[in-house]
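Chains F and E: place on chain Z using the hints.
Chain by chain, the residues run as shown.
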Amino acid sequence: MTWPRRSGTWLATRAAVVVVFLAAVQAGVQTRLINPLFVATPTTAIAGAARGLANGTLGGPMLTTLYEVAVSLVLSSVAGLAVGYLLWRFTDLGRAYEPWVAGLFAAPLILLYPIPLVIFGRTTTAVIAQATVMAVLPVILYTRQGLAGIDPPLLKVAAVYRLRHWQALRHVFLPAAAPTLVTGLRLGLIYILVGVVSVEYLASIGGLGKTINFAYLQFNMAEVYSAVTCVFILAAVLLAIVGRLQWMVRR
Amino acid sequence: MLRSRLVTGLCCAALVLGAAACGNPTASKPVVGTSPLNLIVPDSGNFTSGLPVYVALAQGFFKKEHLSVTVVNTTGGATNVAAVLAGKGALGVDTGPVSVVAANLHGADLKILGADTTGMDILFFTKAGSPITSIYGLSGKKVGFSSPGSSSNVALNVINSDLKAKGMKPAVGEAIGGPPMEYTAVETNQISAGFTAAPNLFSYVRDGSIRLLTSLSSYPAYKNVAVRVIFGSGSYIKSHGAQVREFLTAWHEAWAFAFANHAKALADWRNGAKLSEPVSVLATGFSYYTPATQRLLPIDGLQQDISDAVSLGVLKAPLTASQLASDVESGYAASASSSG
Amino acid sequence: MKLTSTRAVRIGTAVVALGGWEAVARSGLLPGTVLPPFSSVVAALYDLVQQSSTWFQFYVSIWAIGLGLAIGAGAGLVVAAVIGISASVWRTFEPLLYYAGSLPKIIILPVLLLYLGTGIYSKVGMGAVSAFFPVAITTAQSMREVKGTYIRAARSLGAGPLRLVTNVYAPAAIGPILSGLRLGLAVAVTGVLLAETSVASAGVGYQAMQYYDNLRIADMYALLLLVLLAAVAANSLLGWLIRHVTRYSQATERVFFT
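Residue numbers (the numbering used here), protein chains in the order written: chain Z, 75 to 325; chain F, 26 to 365; chain E, 3 to 260.
Treat the hints with care, since some could be wrong.
[Unchecked claim] Below, in silico cross-link-like pairs of lysine to any residue (SDA-like), each with a Cα-Cα straight-line distance of 20 angstroms or less:
(1) F:K152 - E:L31
(2) F:K152 - E:V36
(3) F:K113 - E:Y123
(4) F:K113 - E:L31
(5) F:K166 - F:L188
(6) F:K341 - Z:R125
(7) F:K299 - E:T56
Simulated from the structure, these hints should not be mistaken for laboratory data.
Bound conformation, chain Z alone (with noise of 0.2 angstroms):
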């Protein structure tokens, strides 16, 4: 599958849905059929996005927010990967472990946000724990599934070589089974995203959310939807990075 040749027009269509929807979303409030108390309109939002992230009172919030996600990124793929790969290569281990993993995969972590914070303070480091330790989780399940599903002759592959465990790795397996890893980091970022906002949100630190919750108990809409205007473009980016490395790995 190649990179389409007309990139732009994929992303020309993109933006025209996504401006059609907010339009439509922009008659709706205008006209009062979606309650104004609720929801801002997206000229406001957008505008209060640009003008906050200008001024820094959105910016400041949207990098700590960032710092969250990146941080958690990092430690739910680390440690993600080398337990999923530890449950492929001991067998017993994975035989063991897995459905474990993929029942707690399965139950509302987020409710558990309490023990973070009293665990570490009611800091951003909290908020990276919730998030790493919710993302960790899908990580692991396709980091095991995507070593678990290589072509059994690739293995034999690897043996007519007779190469060491961490060549093969290298060589053969992680590049095999790298689609699914990656669908699985993609997957591991996007609960990061929930994770951190929701947090944020709940426990009022950190930024992007704490700003969400406190404008809307100020019934301050327009900043609501500023900040989520801003979730938004941060998930769009990060997403789209993921997606990119998710092309580049299915070649």
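Same frame as chain Z, now just chains F and E:
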């Protein structure tokens, strides 16, 4: 292969249909002759809102007024307002007037119907072993409040004005949440002091693990300020004025009953709200609240609430007297108090 | 032999983890209002399962989750069917679904409250909105990944569009759809429970908040433990279903965490 897939498919379909056949488990048929009312109560364990509601339920005051009340709990503050605006047929209690006014400034049509609590009842506390012995020890320390614009936020603001007047650094406010979260935060040293209101956390006061720093007399300026109010949506009030009057009558009767029958009222509250504190601890509430503090009318001191909101940054500018007046609709409470 | 060592690993881990929990809790490192000892939680659990009110709250939450999942997954399948048909449409919309899906849904709770009220239907709405995205994304993706050879083979045998859907797309997609449902279930549970902790008069989330407000922390943990066990059970069931249904897929086809 086909048969096993068929079996699986049929089992799944049967499960889904069976589940779909079960109706909404929370749908209750309202008692004939009563009107339904969703009552938005932040925390049923609060003396100022939980007690009258569960007394009214247990003693039949709501039934007498032909009301079928469903209690909806929230996380307080603006969520109360959101819930009232959302619920068809909802009244809210135990809410800071600032939240109501702020919503109105953004186009909501809410009306303050009566006072819920008059006089600042917020009590700040620290851990037992803490070196802080008075509010002056809070200078520069982290102190918890529930959410921006709440009565606890205002109380902290008052303390900070006091500190500033004495040339000391203000305390740093942290929006933690209600008393249970305050207790946990204080216990784990996330904050130096938290807040509560009687009788929440009083079993810990009693056994000495927390120490109160303030008392009712710490806020003389607020003796006649309504720090929390009862409110509803303007359109609902207009179309269901009778129900509003009925609710306020029941509320008034519940307080009258409670102040005359401490033990019975506490038992009703404890059973209805499924509280775990012993009655002896819950009874401390009566040392803090009186018929004067729990009166529906007059709704005093709203101007003070507004200026607090402005100084806290929750409101951009103070309201004019006429703006404030349009936010209040005290006629229903007046007829309720007189009939009760 | 293999089964025994798996069991040994699990039992060993459980003993170490739970023992560690008990030790840390009793050591006073974390206060009892944050981490009560495992033994207290078990005792509370024993009491909890005997109360009919606990099961009523579970029924309320499960009803909301179920209905929310059904609506969200249904909408997700419809949208995925529309998007997955053509490569260009899919490439346009897929990133948008990802971006929107990564926004925390708790933010739209006030809007849901406004339109669906403070009762159970706002929780259903949260469940539906949460579940929509994973189902839509995985289903659309699986449609794109149906091997072209299968489609061409079916067409060459004279399959019309309906037969194509029932005999090629559906069997190929059913595995990923069920996996998407599995993800959807997990996020629907989270969404509904979070909504119940915010504004509610019934449900597991509501009950957990009641326990917390009364500082009955062991009871709260016991309730959350019950939720975890239920989630694990539902997840295993779906996992079994997925394996059963995709038994005839080749090993190289990607089926998410069987």
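A quick look at each hint next to the structure:
no.: 1; hint: F:K152 - E:L31; result: holds, 16 angstroms
no.: 2; hint: F:K152 - E:V36; result: holds, 16 angstroms
no.: 3; hint: F:K113 - E:Y123; result: holds, 13 angstroms
no.: 4; hint: F:K113 - E:L31; result: violated, 48 angstroms
no.: 5; hint: F:K166 - F:L188; result: holds, 12 angstroms
no.: 6; hint: F:K341 - Z:R125; result: holds, 19 angstroms
no.: 7; hint: F:K299 - E:T56; result: holds, 13 angstroms
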